[in-house]
Every structure is written in C-alpha cells, then in structure tokens.
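Asker: Make the full structure from the sequences, and use the hints.
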Amino acid sequence: MPAINQTNKPDEVKSSRPNQPVPSFLQEAENLYVWCVDDIPELKKAGIDEDLINNLPENIKACRDAQTLWKKKLKTPGEAQVQWNLQLPEARQLAAELLRSMRFAFRNNADLLARLKYITKGNGYANLIQKLNDLALLGGKYKQQLTAVGFDLGLFDTAIAKSKELAGLWAQTKNENARLDEVAVVRNKAFWTLHQQVSEIRAAGQYIFRHRKDRYVGYVSQYWKKKDKRKNNSAS
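Just so it is clear: in the sequence shown, position 107 is 107 by UniProt numbering, and no numbers are missing.
One or more of the hints may lead you astray.
[As the list claims (entries may be wrong)] Below, in silico cross-link-like pairs of lysine-lysine (DSS-like), each with a Cα-Cα straight-line distance of 27 Å or less:
hint: 1; residue 1: LYS141; residue 2: LYS164
hint: 2; residue 1: LYS61; residue 2: LYS75
hint: 3; residue 1: LYS189; residue 2: LYS174
[Said to hold, decoys possible] Derived DEER-like restraints, expressed as beta-carbon distance ranges:
hint: 4; residue 1: LYS213; residue 2: TYR125; range: 52 to 60 Å
hint: 5; residue 1: PRO23; residue 2: LYS231; range: 20 to 28 Å
hint: 6; residue 1: TYR216; residue 2: TYR125; range: 49 to 57 Å
hint: 7; residue 1: LYS75; residue 2: VAL220; range: 27 to 35 Å
hint: 8; residue 1: GLU165; residue 2: GLN144; range: 27 to 35 Å
hint: 9; residue 1: VAL34; residue 2: GLU165; range: 52 to 60 Å
hint: 10; residue 1: ALA96; residue 2: LYS71; range: 20 to 28 Å
I should point out that these hints are in silico values taken from the structure, not numbers from a laboratory. We put the beta carbon where it would ideally sit given N, CA and C, even for glycine.
Answerer: Below you can see the structure in the form of structure tokens.
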C-alpha cells in the first residue's frame, strides 16, 4: 500500500469519502507545492514547519497511487463476482421454474401451497440461495404428484447443487468486497492526510499574504471557489 507521511496520529485520520474529486484535488496540491516553495521563509513565520511543505510531493504521490489502486479494484471485479454475475440469472430462472411447476402440481393441496408461500417469502440473495434448497427438499417428498404433471425430478438435484455453489460464491464475493473497502479506506486516509496538509499551508498563506493579492490567489482552492460561485448564483 502507498506510504503516507502523517502529521497526526493514524487513528485521528478521517476515513470518510473525499469531499471533492480526487484527481482535481491532487492537481491543486501539485499547484500549491509549486506555488508555495518560494514562500517558505514567510510561511515559517506563520508557524508552518518546512517539512510540511517538503513532504507534499511524497504524499501527493502516495495519494495518487492509492487512488489508482482503488480505481483498478473498482473496475476489475474479482473472479467470484464474475462467476456470481453469471450464475445469478440461471439461479433465478431455476427457482421460478421450480415454483411454477410445484404450484401447479400442488394446486389442490392448501397445506403444500402454504408451505410454498412460506419458502418463497422474502427477497435478497440469501433468500434465493435458501429458496433453491428448500424447494428441492420439499419437492423431493412429493415426487409422485410432480411426475404426474411431467416435471423433471432431476431439476431438484440441480437446485441443491446451485444453492451450494451460490452460497460459496456469495461468501467469496463478500470477501472480495471487504478487500475493496479496505483499499477505499487507505485511499480515503491518504486523501484526508494530504487534505489536512494542504489546508494548513493554504490557511497560513492566506493569512501571510492577505494584503498581497498576487500571492494570496495561489493559496485559494479554485475548485471550491467555483463551486461556491455556482451555489451563490443559483441562490440569487
């Protein structure tokens, strides 16, 4: 993972989502570094540690690398996710086929229809996985009624196998998503570490050069300036 030079304790770094597009923020951080290097003597008078400025390029790179890794993980689904996406439509179709056939075969048996209703209660992936298994187990007990309507009993074996397969894929998919979340947290912490660094330098620059517009402008976020302008225009 990218290494970040932190100015605060690791557990104090925010891990929430960035408050602006990361690419635009990184470019602003690059611009700030180029702008403020010549102002180091003045910024030090405002309490800015020179290392805070010197560490900017390294932390910009670390944040950029973390963003690249996150985008790559986001756009490249894991093998389990790929297989899940392929198997899901088939599983839904199989469950629907079992249910239609069993409802028809049991149409004159209120008790069995009630059990079917209970089995198919609820939505979601976990319910689908359980539904396939439960329908197969119930149908296996009433083979005669089902064969009487031309039902292929082999579909029950398929349903049980599909239920087991989906359960494994779903667990693997959740694990892959958890790893993606971990990458996102690293990216977010890299962003907020750099954000704090940039904010401190900007605040000092705006104070030191409050009477010099030619230097002050380099310590203002153009992203937020434009966003505030659009907000004010829409409000007026």
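Asker: Next, verify each hint and record whether it holds.
Answerer: Status of each hint after checking the structure:
no., hint, result
1, LYS141 with LYS164, "holds, 20 Å"
2, LYS61 with LYS75, "holds, 21 Å"
3, LYS189 with LYS174, "holds, 22 Å"
4, LYS213 with TYR125: 52 to 60 Å, "holds, 58 Å"
5, PRO23 with LYS231: 20 to 28 Å, "holds, 21 Å"
6, TYR216 with TYR125: 49 to 57 Å, "holds, 55 Å"
7, LYS75 with VAL220: 27 to 35 Å, "holds, 33 Å"
8, GLU165 with GLN144: 27 to 35 Å, "holds, 29 Å"
9, VAL34 with GLU165: 52 to 60 Å, "holds, 55 Å"
10, ALA96 with LYS71: 20 to 28 Å, "violated, 37 Å"
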